[in-house]
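K.L.:
Spelled out from the first residue to the last, the chains are:
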Amino acid sequence: AQTIHQWPVAEIKAVGSPLSLGCTIKGKSSPNLYWYWQATGGTLQQLFYSITVGQVESVVQLNLSASRPKDDQFILSTEKLLLSHSGFYLCAWSLRDRDEQYFGPGTRLTVL
Amino acid sequence: SQLAEENPWALSVHEGESVTVNCSYKTSITALQWYRQKSGEGPAQLILIRSNEREKRNGRLRATLDTSSQSSSLSITATRCEDTAVYFCATDGGGRALIFGTGTTVSVSP
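For the record, the sequence lines run as chains S and Z.
Just so we're aligned, residue 1 is where the first sequence starts under the working numbering, counting upward by one.
Just so we're aligned, residue 1 is where the second sequence starts under the working numbering, counting upward by one.
Any given hint could turn out to be false.
[Unchecked claim] Cut-off 30 Å, straight-line C-alpha distance, at most; resulting in silico cross-link-like pairs (DSSO-like, lysine-lysine):
{"#": "1", "chain 1": "Z", "residue 1": "K38", "chain 2": "S", "residue 2": "K13"}
{"#": "2", "chain 1": "Z", "residue 1": "K56", "chain 2": "S", "residue 2": "K28"}
{"#": "3", "chain 1": "S", "residue 1": "K13", "chain 2": "S", "residue 2": "K80"}
{"#": "4", "chain 1": "Z", "residue 1": "K38", "chain 2": "S", "residue 2": "K28"}
{"#": "5", "chain 1": "Z", "residue 1": "K38", "chain 2": "Z", "residue 2": "K56"}
{"#": "6", "chain 1": "Z", "residue 1": "K56", "chain 2": "Z", "residue 2": "K26"}
{"#": "7", "chain 1": "S", "residue 1": "K26", "chain 2": "S", "residue 2": "K70"}
{"#": "8", "chain 1": "S", "residue 1": "K70", "chain 2": "S", "residue 2": "K28"}
{"#": "9", "chain 1": "S", "residue 1": "K70", "chain 2": "S", "residue 2": "K80"}
{"#": "10", "chain 1": "S", "residue 1": "K70", "chain 2": "S", "residue 2": "K13"}
{"#": "11", "chain 1": "S", "residue 1": "K26", "chain 2": "Z", "residue 2": "K38"}
{"#": "12", "chain 1": "S", "residue 1": "K26", "chain 2": "S", "residue 2": "K13"}
None of these hints come from the bench; they were simulated from the model.
The shape of chain Z in the complex, shown without the other chains (with noise of 0.2 Å):
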């Protein structure tokens, strides 16, 4: 089974609306990054969230984190037809390989 593993397995919204991306994990970590991945590219970083932070925000992003149940959320307001793209969220399972996740697929409308 998957070390890491996001909710839903995909959304569409239409611009203007917020979206959130679910992510639970099965290892203890120091720190949990998300990812977005447009068409063709490679990952992009959004944010990191370490272990010890509870909420981190970046611009129109703001990732939680919850040790206790493992789990942690990215949530993305207001929007645009450019953040249809899949999102990752990554672990480092206390060690040096990142484990990703197996992704949210969210598309957004005009």
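So here's chain S without its partners, still in its complex pose (with noise of 0.2 Å):
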């Protein structure tokens, strides 16, 4: 069965430090996958997504980037929080475009 594990759970930073948010999918070879962002009662916006190693399309810039190093593996980051980063981060998976999505629990970012 697959499994997709995200970390942190949650995370409170200061506007201006460093993020790395990390996602991790087991028992699914060379999943497409996406990272979205959620603003508290929103609707979810797409910001990235990667259908193969060492690729990663920018859907919307927010100031953020993605990588994926791994075939299982997919980071979010960025050098410098800003408030508007606040919101719940979700990663996903598909086996090929347009398919269902399956979501990870994902990540609760706090920015003060």
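Two independent chains are provided; combine them into the complex using the hints.
P.N.:
What follows is the structure, encoded as structure tokens:
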């Protein structure tokens, strides 16, 4: 069975500090991977997607970057956090484009 | 403006009643998906309906798609308290990015 793990579960960070969020998918080879951001009570905004190791496409620019260093790992990062980065970050995977996406449990980020 | 939008914004029903959430979208699509997100969790897909399908069922769930009016509906029959969640429609817009709507909060009370 496939599992998706996100870390950390929650973070409280200062404005201007760096950030690194991680996502690991087990039990599925070469999945499409996605990062989403969700403001409290808001919709989900797709940030990045990756169809293979080393290749990441940006969907929305939010002063964030993403990398896929391994087939089963997706990293979201920034060198300087903004207040507007607060929210719920979700990682997801799918077999192919436009397929059902399977979401992880999310990371709650609070920037103060 | 939103490329996908659900209505109404919120619904309240009692257990056993039926509920319908509507979605309107603004782009051509290859498929439309319905997701449910419970508080503090990631979304979970309920139904995927392709552009050449008019109706899809999954247990107590029924989705319809009308590409001419660019609209979809999700109906839940015999609701249960555990159906309480935010319901999103999501379209592909013909590309790789999945575009989620604004969500409808459904509350089911005993």
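K.L.:
Now look at each hint and say whether the structure bears it out.
P.N.:
Checked hints:
1. The suggested pairing of Z/K38 with S/K13 holds, with an alpha-carbon distance near 26 Å, which does not exceed 30 Å.
2. The straight-line distance between the Cα atoms of Z/K56 and S/K28 is roughly 27 Å, inside the 30 Å bound, and the hint therefore holds.
3. At roughly 10 Å between alpha-carbon atoms, S/K13 and S/K80 fall within 30 Å of each other, so this suggested pair holds.
4. For the suggested pair Z/K38 and S/K28, the alpha carbons sit about 25 Å apart, so the restraint of at most 30 Å is met.
5. Simply put, Z/K38 and Z/K56 have alpha-carbon atoms about 22 Å apart, close enough for the 30 Å limit, and the pair holds.
6. The suggested pairing of Z/K56 with Z/K26 holds, with an alpha-carbon distance near 21 Å, which does not exceed 30 Å.
7. The suggested pairing of S/K26 with S/K70 holds, with an alpha-carbon distance near 12 Å, which does not exceed 30 Å.
8. Our distance criterion of 30 Å between C-alpha atoms is met by S/K70 and S/K28, whose separation comes to about 13 Å.
9. Our distance criterion of 30 Å between C-alpha atoms is met by S/K70 and S/K80, whose separation comes to about 24 Å.
10. Between the alpha carbons of S/K70 and S/K13 the distance comes to roughly 26 Å, so the proposed pair stays at or under 30 Å and holds.
11. Between the alpha carbons of S/K26 and Z/K38 the distance comes to roughly 23 Å, so the proposed pair stays at or under 30 Å and holds.
12. For the hint pairing S/K26 with S/K13, the CA-to-CA distance comes to about 28 Å; that is within 30 Å, so the pair holds.
Of the numbered hints given earlier, the model fails none.
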